[in-house]
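K.L.:
Build the full structure now, drawing on both the sequences and the hints.
Chain order of the listed sequences is H and U.
Heads up: the first sequence begins at 5 in this note's numbering, then just goes up one per residue.
Heads up: the second sequence begins at 190 in this note's numbering, then just goes up one per residue.
Errors might be hidden in some of the hints.
[Said to hold, decoys possible] Listed below are several chain U residues computed to face chain H (Cβ distance under 8 Å; list not exhaustive): (1) Ala214; (2) Ala215; (3) Ala283; (4) Gly284; (5) Leu286; (6) Ser307; (7) Met308.
Hint data in this document are derived by calculation from the structure and do not stem from the laboratory.
Every residue gets a Cβ at the ideal spot worked out from N, C-alpha and C, and that includes glycine.
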Amino acid sequence: MSDPPVQSRSAISCVHCDTSRQGPEGGHIVTLAFEALFLPLLAAVVVAYVRAPDPTRRDVALIFTAMAVLFIRDMARELFGPLPILLNTTASALQYLMPYLTLRLTAQLRPVPTWLLRGTLAVYVGQVIVLVLRGTPPSPMSVAVVTGAFVVTGSLAATTLATGARPRAGSPRVRMLLAAGATALFVIAVAVSATGVIGPDVRAWTRTLARGIGLLAAFGYAVAFFPPAWLRRMWSATSAYHASLDLLQIPPDASAQQVWQRMADLSRQLTGTDGAVVLLRTQGGTVMEVAGSGLPVRPERTYPVAWLEALLSANRPLALDGVGARTRRTARIPSGAVDLASTLVGRLPARYVTSIPLDLPDGDGGALVLLSGHRTLFTDDDAVLLGGLGRQAALLGERAGVLAEQERLAEELASSVVALTHASQAKSEFLSNMSHELRTPLNAIIGFSELMQGEEWLDEHRRAVPDEWIAHVRSSGRHLLELINDVLDLAKVESGRMDLHPEPLDLPAIVEDAVAALRPEADRQRIELAYEVPHLVVHADRIRMRQILDNLLSNALKFTPPGGRVSVSAEGGEGRVRVSVTDTGIGIAPEDQHRVFHEFQQVGDRSAHPGGTGLGLALTRRLVEEHGGVVALESAPGRGSRFTVELPGGHAAPRTTQLNGGALGRILLIEDDPGATRLLRTYLERAGYQVIVAGDGDRGLNAARAESPTAILLDILLPGTDGWDILRALKRDEALRDIPVVIVTVLDEQEVGLALGAVDYFVKPIVPEALLARLSRLALLPEGGSTSAQILVIDTDPETSAVLGRTLIPLGYQVQHASSGVTGLRAARGASVGLILCDLLLPDIDGFTVIAALHDDPATRRVPVLALTSGELSDTDKSRLNGKIAGVLQKGDEVPAALQQWLNTTARATAAAGRSNGGTR
Amino acid sequence: MSPSSARSRILLVEDETINRDLIRAALSRARHPALADVELVEVDSIAGARARLAELEIDLVLLDVQLSDGSGLILAREIVQLGQPRPAIVALSAGVLPEQRAAADEAGCDSFLAKPVSMTTLYDELATLLSRAQAVRAAGSAGEAPDR
Numbered sequence: 005m006s007d008p009p010v011q012s013r014s015a016i017s018c019v020h021c022d023t024s025r026q027g028p029e030g031g032h033i034v035t036l037a038f039e040a041l042f043l044p045l046l047a048a049v050v051v052a053y054v055r056a057p058d059p060t061r062r063d064v065a066l067i068f069t070a071m072a073v074l075f076i077r078d079m080a081r082e083l084f085g086p087l088p089i090l091l092n093t094t095a096s097a098l099q100y101l102m103p104y105l106t107l108r109l110t111a112q113l114r115p116v117p118t119w120l121l122r123g124t125l126a127v128y129v130g131q132v133i134v135l136v137l138r139g140t141p142p143s144p145m146s147v148a149v150v151t152g153a154f155v156v157t158g159s160l161a162a163t164t165l166a167t168g169a170r171p172r173a174g175s176p177r178v179r180m181l182l183a184a185g186a187t188a189l190f191v192i193a194v195a196v197s198a199t200g201v202i203g204p205d206v207r208a209w210t211r212t213l214a215r216g217i218g219l220l221a222a223f224g225y226a227v228a229f230f231p232p233a234w235l236r237r238m239w240s241a242t243s244a245y246h247a248s249l250d251l252l253q254i255p256p257d258a259s260a261q262q263v264w265q266r267m268a269d270l271s272r273q274l275t276g277t278d279g280a281v282v283l284l285r286t287q288g289g290t291v292m293e294v295a296g297s298g299l300p301v302r303p304e305r306t307y308p309v310a311w312l313e314a315l316l317s318a319n320r321p322l323a324l325d326g327v328g329a330r331t332r333r334t335a336r337i338p339s340g341a342v343d344l345a346s347t348l349v350g351r352l353p354a355r356y357v358t359s360i361p362l363d364l365p366d367g368d369g370g371a372l373v374l375l376s377g378h379r380t381l382f383t384d385d386d387a388v389l390l391g392g393l394g395r396q397a398a399l400l401g402e403r404a405g406v407l408a409e410q411e412r413l414a415e416e417l418a419s420s421v422v423a424l425t426h427a428s429q430a431k432s433e434f435l436s437n438m439s440h441e442l443r444t445p446l447n448a449i450i451g452f453s454e455l456m457q458g459e460e461w462l463d464e465h466r467r468a469v470p471d472e473w474i475a476h477v478r479s480s481g482r483h484l485l486e487l488i489n490d491v492l493d494l495a496k497v498e499s500g501r502m503d504l505h506p507e508p509l510d511l512p513a514i515v516e517d518a519v520a521a522l523r524p525e526a527d528r529q530r531i532e533l534a535y536e537v538p539h540l541v542v543h544a545d546r547i548r549m550r551q552i553l554d555n556l557l558s559n560a561l562k563f564t565p566p567g568g569r570v571s572v573s574a575e576g577g578e579g580r581v582r583v584s585v586t587d588t589g590i591g592i593a594p595e596d597q598h599r600v601f602h603e604f605q606q607v608g609d610r611s612a613h614p615g616g617t618g619l620g621l622a623l624t625r626r627l628v629e630e631h632g633g634v635v636a637l638e639s640a641p642g643r644g645s646r647f648t649v650e651l652p653g654g655h656a657a658p659r660t661t662q663l664n665g666g667a668l669g670r671i672l673l674i675e676d677d678p679g680a681t682r683l684l685r686t687y688l689e690r691a692g693y694q695v696i697v698a699g700d701g702d703r704g705l706n707a708a709r710a711e712s713p714t715a716i717l718l719d720i721l722l723p724g725t726d727g728w729d730i731l732r733a734l735k736r737d738e739a740l741r742d743i744p745v746v747i748v749t750v751l752d753e754q755e756v757g758l759a760l761g762a763v764d765y766f767v768k769p770i771v772p773e774a775l776l777a778r779l780s781r782l783a784l785l786p787e788g789g790s791t792s793a794q795i796l797v798i799d800t801d802p803e804t805s806a807v808l809g810r811t812l813i814p815l816g817y818q819v820q821h822a823s824s825g826v827t828g829l830r831a832a833r834g835a836s837v838g839l840i841l842c843d844l845l846l847p848d849i850d851g852f853t854v855i856a857a858l859h860d861d862p863a864t865r866r867v868p869v870l871a872l873t874s875g876e877l878s879d880t881d882k883s884r885l886n887g888k889i890a891g892v893l894q895k896g897d898e899v900p901a902a903l904q905q906w907l908n909t910t911a912r913a914t915a916a917a918g919r920s921n922g923g924t925r
Numbered sequence: 190m191s192p193s194s195a196r197s198r199i200l201l202v203e204d205e206t207i208n209r210d211l212i213r214a215a216l217s218r219a220r221h222p223a224l225a226d227v228e229l230v231e232v233d234s235i236a237g238a239r240a241r242l243a244e245l246e247i248d249l250v251l252l253d254v255q256l257s258d259g260s261g262l263i264l265a266r267e268i269v270q271l272g273q274p275r276p277a278i279v280a281l282s283a284g285v286l287p288e289q290r291a292a293a294d295e296a297g298c299d300s301f302l303a304k305p306v307s308m309t310t311l312y313d314e315l316a317t318l319l320s321r322a323q324a325v326r327a328a329g330s331a332g333e334a335p336d337r
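P.N.:
Here's what the structure looks like:
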């Protein structure tokens, strides 16, 4: 297709010029038609380049232009005869440029050695110089050399393109193959043209043939580099189909990462780039590398979202000259885009960065970044396709998550079915056990009752029944009751309805109580029952704590043979208190140890240890756990067991009772039982009293004379002189007569006590609150003259305060005023106040709130409160005050009298006040 | 066999003292002719029962099922395996679920009494089984020489 001037002696030009004049007319017309056909191709290529200029298109357009100049020259010669020498020389120079242009185009798509490019360029420059200097057409020999060089470089270019097409897929592959084929055709055209040198006979048709092949080559180039839209769409559709199929091949359990990896691999293959990276926005508002193909991925790296947006907004492809360096070319590109692109290309290395927004279902955004050392034959359609694949990949990636979730749900369902089955089995088992445990005592109750009915009549209404039978019925009944109580407690815990009221409990006192209760049983079984408990406080519900100790102790007694020992010990740690019950009993085999805390799991020899519901330890465990504690068991068969419960608690605050000890007054406690003494002392000291203990009556009388206590708590059953005699002695003594005496005893003979002059009478076991409420009123009395009790009046109305002051001060009380709820609360906490009078209408916080706050505060809880009101109290008001006040005073003229009467009746009452037990509150 | 062998002998296997007391009291008050002359032997375990069964001629075993040293049904099977003549076995249990009754039946118990047991039922059941045992024993002693 080379077209030297007509004068040329070169093979190609000779072929041309000779045939042009001598060739058959048909071939001549065909040649002209080929040349004419080339013109629209050239136009299309130039227009395409102008619309979207890029270096590849530029080079293709240059090749086309060079060809076109030759064709035009040829046509011009055909039409106008020989052309001026300058035109001929220019055309030849362009013709010689073709090998270099072809190679340069190839170098854009595939690596081509630089020396080859430069060498070809040097040869070209040499040829042009020779051409210009000689001014005549080159010799046939030089034309042959040039042709040979073109064949060599052209073949090289074609091969390079063809091998480059192999690893690619889709349209880039087709297009690169087309480019390779076109280049090869181009070479063939030149070669065919050169064969014209053989002789004039062949020249005519070789020229035509060369023109035809040249046109085909040009057509191939045009399609490869400027494919028409319909062809691009077809290619894209095919690619999309195959890519989708490929993605769908991914196993369903593949993770999202694996799917994205496939996506990256596929993208790299489809586009023929050197590397592909998938970037996704994370939930944390950053961008991370999810997968990469052809380069190492750094999933740990994150980038600002702005970088990704900048990269996507940059015109693609982004060409970076040198890794990370900002150049003139990249100066106009947003810096984030360059930064992000640089970190990626640096790993390959690559030069061109193409980013495609991924179309993701959740709109999170992401990009597919293609990296390449060379330009790619890559169209917008492919970008749309790859972006669309993003949605598919994301859905496929979620599939694994959905599957995993489905599996998790299935497992959860299965395990809950198992759990429900177990629960159901446990329930049936529990009911079966319950039935058994209920029937056993009922057997004795019904059996013995029936037998009783068969016994002989004594008279019309009475039968003679063996006492033992009655005992059996009774003990079975009690056992049944115990069982029912335990079951109810268990049910309460199970359903979360166990209301606990944890309070700081004096551990030695409560252990002492529990031990005292079981001592008769221990004595009967000849078991030594001991305890040594340091001064610890356990935070627990009083009743439940006692239940826990009772259960552990009775369990220990049950399984300890006569002559054995059961002991209670305790230690305090970091906010925890551990109480242990140790026995020298039969012990529990290791394999049974986990069972003992479960319902109806009595282990070991049951015949030797009758009684027990089989629920005690299970209940103990539940109760301890409800308190936020744990139970533990250490045991060895034959050596004994140690049950330990760990509960919240700690060391008792050092003498907290001394903080306001004695503030409320001194109480003389005449009591011989150490357990009771300890218990009462704890209650009293905690409430703020100073306690003096006398172990018997004579010492009690001496102490009463020496200490002049505010009140005396008197036990009746005492060694030596009994309580009645001491009470009489106290009331006979002029100096001691006015000290109020409260009897605290197991004897239920309150009429005697009150008749002898006691102010109140409590039967053990006492309700501590009731006793303390009673004492708090007694302690108000300014008896003994040493200290006078303080009365706090919380009232805004100065008149009321003044009236109350005038009433109380002459009676020997000290009166303190507070004009608002807040100052009142502060005063109540600050000083040793013995009685509070509180108006219900206060300026800041209402009286109900003040009274509730006083009640809730341990420091003021024991101080009796009288509510002052000017109107009738509604039922709601009463219920709000219920249990928190000692009484209500109606404001008005009657106040002084009413208050005086209240003080007299509550504090001085003897027989008239009756047995209060706190009931007057 | 001495003439006194006409006296029936019941072995009571029961680990709860109160239940042994009940059966003893019940038998002491029984007016049924078949129960008029009954000797009650009491044990509180399977081991004790085996010892008594080996040394005494027992007409009826009154057997608690849940015993401290195992299930009474084990003992029932052992007795059944001895072959005829064997004592009648009456299971007396608080475990009254259908499967528990079936287990007693399967172990070879001749009767099952559920706790709580009515005295009338107890007397009837014991009388019936004892009479049958006596009859078997009478037939046996007529046919062969007594071995003890």
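K.L.:
It remains to establish, for every hint, whether it holds in the given structure.
P.N.:
Quick rundown of the hints versus the structure:
no.: 1; hint: Ala214; in the structure: holds (6 Å)
no.: 2; hint: Ala215; in the structure: holds (6 Å)
no.: 3; hint: Ala283; in the structure: holds (4 Å)
no.: 4; hint: Gly284; in the structure: holds (5 Å)
no.: 5; hint: Leu286; in the structure: holds (6 Å)
no.: 6; hint: Ser307; in the structure: holds (7 Å)
no.: 7; hint: Met308; in the structure: holds (4 Å)
Checked against the numbered hints listed earlier, the structure breaks none of them; every hint is satisfied.
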